[in-house]
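Enquirer: Each chain, written out:
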Amino acid sequence: MKAFAALYTALDETTKTSVKVEALAGYFRAVPPEDAVWALHFLIGRRIKRLIETRKLSDWAMAQAGVPEWIFAECYAAVGDLAETIALLLPPPVTCSARPLREWVEERLLPLRQWPDDKQRESLLAAWNEMDERQRFVWNKLITGAFRVGVSQSLVARALAQVSGLSAEVIAHRLMGDWRPEASFYAQLIAQDTGDAAVSQPYPFFLAHPMEGEPEGLGDPTQWVAEWKWDGIRCQVIRRQWQTFVWSRGEELVTDRFPELASLGAFLPEGTAIDGEILPWNGNAPLPFALLQRRIGRKLLGPKILAEVPVVLQSYDLLEWGGEDVREWPLEKRRAQLAELVTALAPTGRILLSEPVPFESWESLTELRRQSRARGVEGFMLKRAGSPYRVGRKRGDWWKWKIEPWSVDCVLTYAQPGHGRRAGLMTDYTFGVWSNGELVTFAKAYSGLTNEEIARVDAWIRRNTLEKFGPVRRVKPELVFELAFEGIQLSPRHKSGVAVRFPRIARWREDKPASEADTLDTLRALSSN
Amino acid sequence: MPLLQVDSDGLWCEAGGFHIDPWNPVPKALLTHGHSDHARPGSHAYLAGDPSRGVLRLRLGPEAHIETLPYGAPLTLGATRVSFHPAGHVLGSAQIRVECRGEVWVVSGDYKLSPDPTCQPFEPVRCHTFITESTFGLPIYRWDPAPQVFDSINAWWRSNREQGLCSVLFAYPLGKSQRLLAGLDPAIGPLFCHGAMEKMNAVYREAGVPLPETAFTGEPVRGKSWSGAMVIAPPSAQGSSWMRRFGPVSTAMASGWMRIRGRRRHRPMDRGFVLSDHADWPELQQAIHETGAETILVTHGYREPMVRWLTGLGKQARSLETRFDAEDAE
Numbered sequence: 000m001k002a003f004a005a006l007y008t009a010l011d012e013t014t015k016t017s018v019k020v021e022a023l024a025g026y027f028r029a030v031p032p033e034d035a036v037w038a039l040h041f042l043i044g045r046r047i048k049r050l051i052e053t054r055k056l057s058d059w060a061m062a063q064a065g066v067p068e069w070i071f072a073e074c075y076a077a078v079g080d081l082a083e084t085i086a087l088l089l090p091p092p093v094t095c096s097a098r099p100l101r102e103w104v105e106e107r108l109l110p111l112r113q114w115p116d117d118k119q120r121e122s123l124l125a126a127w128n129e130m131d132e133r134q135r136f137v138w139n140k141l142i143t144g145a146f147r148v149g150v151s152q153s154l155v156a157r158a159l160a161q162v163s164g165l166s167a168e169v170i171a172h173r174l175m176g177d178w179r180p181e182a183s184f185y186a187q188l189i190a191q192d193t194g195d196a197a198v199s200q201p202y203p204f205f206l207a208h209p210m211e212g213e214p215e216g217l218g219d220p221t222q223w224v225a226e227w228k229w230d231g232i233r234c235q236v237i238r239r240q241w242q243t244f245v246w247s248r249g250e251e252l253v254t255d256r257f258p259e260l261a262s263l264g265a266f267l268p269e270g271t272a273i274d275g276e277i278l279p280w281n282g283n284a285p286l287p288f289a290l291l292q293r294r295i296g297r298k299l300l301g302p303k304i305l306a307e308v309p310v311v312l313q314s315y316d317l318l319e320w321g322g323e324d325v326r327e328w329p330l331e332k333r334r335a336q337l338a339e340l341v342t343a344l345a346p347t348g349r350i351l352l353s354e355p356v357p358f359e360s361w362e363s364l365t366e367l368r369r370q371s372r373a374r375g376v377e378g379f380m381l382k383r384a385g386s387p388y389r390v391g392r393k394r395g396d397w398w399k400w401k402i403e404p405w406s407v408d409c410v411l412t413y414a415q416p417g418h419g420r421r422a423g424l425m426t427d428y429t430f431g432v433w434s435n436g437e438l439v440t441f442a443k444a445y446s447g448l449t450n451e452e453i454a455r456v457d458a459w460i461r462r463n464t465l466e467k468f469g470p471v472r473r474v475k476p477e478l479v480f481e482l483a484f485e486g487i488q489l490s491p492r493h494k495s496g497v498a499v500r501f502p503r504i505a506r507w508r509e510d511k512p513a514s515e516a517d518t519l520d521t522l523r524a525l526s527s528n
Numbered sequence: 000m001p002l003l004q005v006d007s008d009g010l011w012c013e014a015g016g017f018h019i020d021p022w023n024p025v026p027k028a029l030l031t032h033g034h035s036d037h038a039r040p041g042s043h044a045y046l047a048g049d050p051s052r053g054v055l056r057l058r059l060g061p062e063a064h065i066e067t068l069p070y071g072a073p074l075t076l077g078a079t080r081v082s083f084h085p086a087g088h089v090l091g092s093a094q095i096r097v098e099c100r101g102e103v104w105v106v107s108g109d110y111k112l113s114p115d116p117t118c119q120p121f122e123p124v125r126c127h128t129f130i131t132e133s134t135f136g137l138p139i140y141r142w143d144p145a146p147q148v149f150d151s152i153n154a155w156w157r158s159n160r161e162q163g164l165c166s167v168l169f170a171y172p173l174g175k176s177q178r179l180l181a182g183l184d185p186a187i188g189p190l191f192c193h194g195a196m197e198k199m200n201a202v203y204r205e206a207g208v209p210l211p212e213t214a215f216t217g218e219p220v221r222g223k224s225w226s227g228a229m230v231i232a233p234p235s236a237q238g239s240s241w242m243r244r245f246g247p248v249s250t251a252m253a254s255g256w257m258r259i260r261g262r263r264r265h266r267p268m269d270r271g272f273v274l275s276d277h278a279d280w281p282e283l284q285q286a287i288h289e290t291g292a293e294t295i296l297v298t299h300g301y302r303e304p305m306v307r308w309l310t311g312l313g314k315q316a317r318s319l320e321t322r323f324d325a326e327d328a329e
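Which chain is which? The protein sequence lines are A and B, in order.
Sequential numbering from 0 applies to the first sequence in numbering that gives the first Met the number 0.
Sequential numbering from 0 applies to the second sequence in numbering that gives the first Met the number 0.
Honestly, the hints are just simulated from the structure, not real lab data.
You can trust all of the hints, since none of them are fake.
Chain B is faced by these chain A residues, among others (derived, beta-carbon under 10 Å):
hint: 1; residue: GLU12
hint: 2; residue: GLY79
hint: 3; residue: GLU83
Taking beta-carbon pairs under 8 Å as the criterion, some of the chain B residues facing chain A (in silico):
hint: 4; residue: PRO138
hint: 5; residue: ILE139
hint: 6; residue: ARG260
hint: 7; residue: GLY261
hint: 8; residue: ARG266
hint: 9; residue: PRO267
hint: 10; residue: ARG270
hint: 11; residue: PRO304
hint: 12; residue: ARG307
hint: 13; residue: TRP308
For lysine to any residue, the following SDA-like pairs were computed, each having C-alpha atoms within a straight-line distance of at most 25 Å:
hint: 14; chain 1: A; residue 1: LYS15; chain 2: B; residue 2: GLY246
hint: 15; chain 1: A; residue 1: LYS15; chain 2: B; residue 2: PRO233
hint: 16; chain 1: A; residue 1: LYS228; chain 2: A; residue 2: VAL253
hint: 17; chain 1: A; residue 1: LYS15; chain 2: B; residue 2: GLN237
hint: 18; chain 1: A; residue 1: LYS467; chain 2: B; residue 2: ARG307
hint: 19; chain 1: A; residue 1: LYS475; chain 2: A; residue 2: THR449
hint: 20; chain 1: A; residue 1: LYS467; chain 2: B; residue 2: THR321
hint: 21; chain 1: A; residue 1: LYS298; chain 2: A; residue 2: ARG173
hint: 22; chain 1: A; residue 1: LYS15; chain 2: B; residue 2: GLY238
hint: 23; chain 1: B; residue 1: LYS198; chain 2: B; residue 2: ALA181
Note that this is a predicted model, so its numbers are computed, not measured.
We put the CB at the ideal spot given by N, CA and C, even for glycine.
Construct the complete structure from the given sequences, taking the supplied hints into account.
Expert: Listed below in structure tokens is the structure:
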């Protein structure tokens, strides 16, 4: 546990990926396989379900720290994290344990759930008494099932690649599926047998640049292919050696998150790689992205959610064909081959072709772009005719031409301290718009201001609080912010009668008095567009 | 009428005819210490503790009328007797004791109890009413002993040196920077300071506080290597173009707020060291207890929780609204 807590601290203290990989590799080299495999389990985000109710955890911590509930609540508001609040409040430890991670997890953590209250309490207090603050924090995070650290699966794979001498793709592949945190699995994971090497390996994604200015700047419109810009998850679907791999843009293997695409793979010819977008699809049109998000949030994909939010592959490029890398083929040739493939696969109902949108002139395309919202897309992608499929974010051949977000000016009405890195600062804001001379709450937003602005708004809130309800403060309705958002829908569940998607602060309108903020009618008018 | 009360300009003493740490210009200002939320320019005359003379001269300018008293020496002002007593916060920081017809009030200013080689240690002063700060007035705020913190800062510096990085440590120019200098190990590498610190360092050295040798960072020089060096800079320098001259750096901040993970991560910094010139929760409790005061008035920071806590202990406690904003001072 000591070594794991030290690793956590090292990962937490840096934003540099190279340093993180070094720390991970150092840890894996130093600990025995039975510890390494548990560390791996937690690091890649596999969780143990919460073992003790937070209520009990808090009660025992308060008793141990000798603080009343109200001050515990004040501390929690200042820290913004329960596990950390408890770690900071507990009296200093009596000893510092050198028990290995496996022992802590298997003998002290996992059995907690079936123990009776008094045994849970006794074991927990004993544990806290032999851990320093860092260990306690990590331990509490494991208990509450909220352990998170800033490393991606691919970073962990890179570190294990360094330790084992294998490639990171092989490690990522071996980490797929359902494995148990046992020493034998770890041994297989870093074993030298590389029969599976490179089978799963995706191609680096070609990423578009945002358009600057008007499309006229791109020159002759006949030299460009336009496609709708889909609002889904970019992915590559790969079929090699009788296996299917779905890679997300973050280069994580997500095959088991999308069984629809895994089964599509069986119909793909050997040696195929398709670039496309995972879209929630109702049979004719895309479903709102929010539904896909809901599905991604599920750890278990039950039949209900699969039926409610089915996905398709909206394909737009072909990277490998017949086992050959075809990225140098001109765009038209790749698309023609892809179109043929998609037609053959149409009966599966799992794959579509992102059709080119014909247009005569930039003006007519600009006109078409106005339909974006109604079609549930984000605007256009413009691809240069004859271009190859490039690597990374190269300028010149692919442009994304997104529609502008909606925005309204609204008034800050309530504020409360943020969580995580914004703990202790007033960063969770509630906004209202005018309706019959009153401010009606219509959205909350947490992001969009610079650190310097956050500090100024925080200081202003502290000086202009009218009322406090626990950590929430009602403030003088004075500050005006421009709120940008992606979508708006009528919603009987919201007080204002409208719900907006992905609201964030576009800017602080220091030039505007509260009286000039927008009204609920303006918002309603937007939603009827 | 209470001996001290808040008026539109600051803490006002009617019986003595003076303000303490006023936020607006006044005829007579008694100052607890030189931080900008306590020592503001424009007043007609200032009175403070002896060792803060140089600090206040630098902060308030050559024209300001500043008089000082040795710690503990009483002076009669109107119907009151006032004296200054060490607060252990920064060089020259003082608690101000005000006595009138047998009633004693003490204004703490900012203070800490833990040892600091750059200023005189806090001295408990018995009183009836104690006006205390409460910047870190929650039990989550507990400081590790300073030597332990300096060990980890020096270890960070050493490790940066081995990787060829320049270490940049952000800290408030008055007090925290000098405390850091006194605790850093100059054998590790050369020490540099931002201009704001160098001026203050000179004042400290003049006052007889031993500090290791430092150099002004100066104008950017092409080709100069900063590898292995330690640079102390004000927090405002973070992310500015001023930083570019140092090449590859590792950055850190030293402040009591670094105790909270979210606060450490709020700024894009590599490390956060928990080192404060304010009292932590146990120190606040100890200091308040040792005054023997029946009435406690709590100013900036976590006022409400502290008032509620003290009330629970059977003390008379109230919140006092001032415009001291210690958050900036950290």
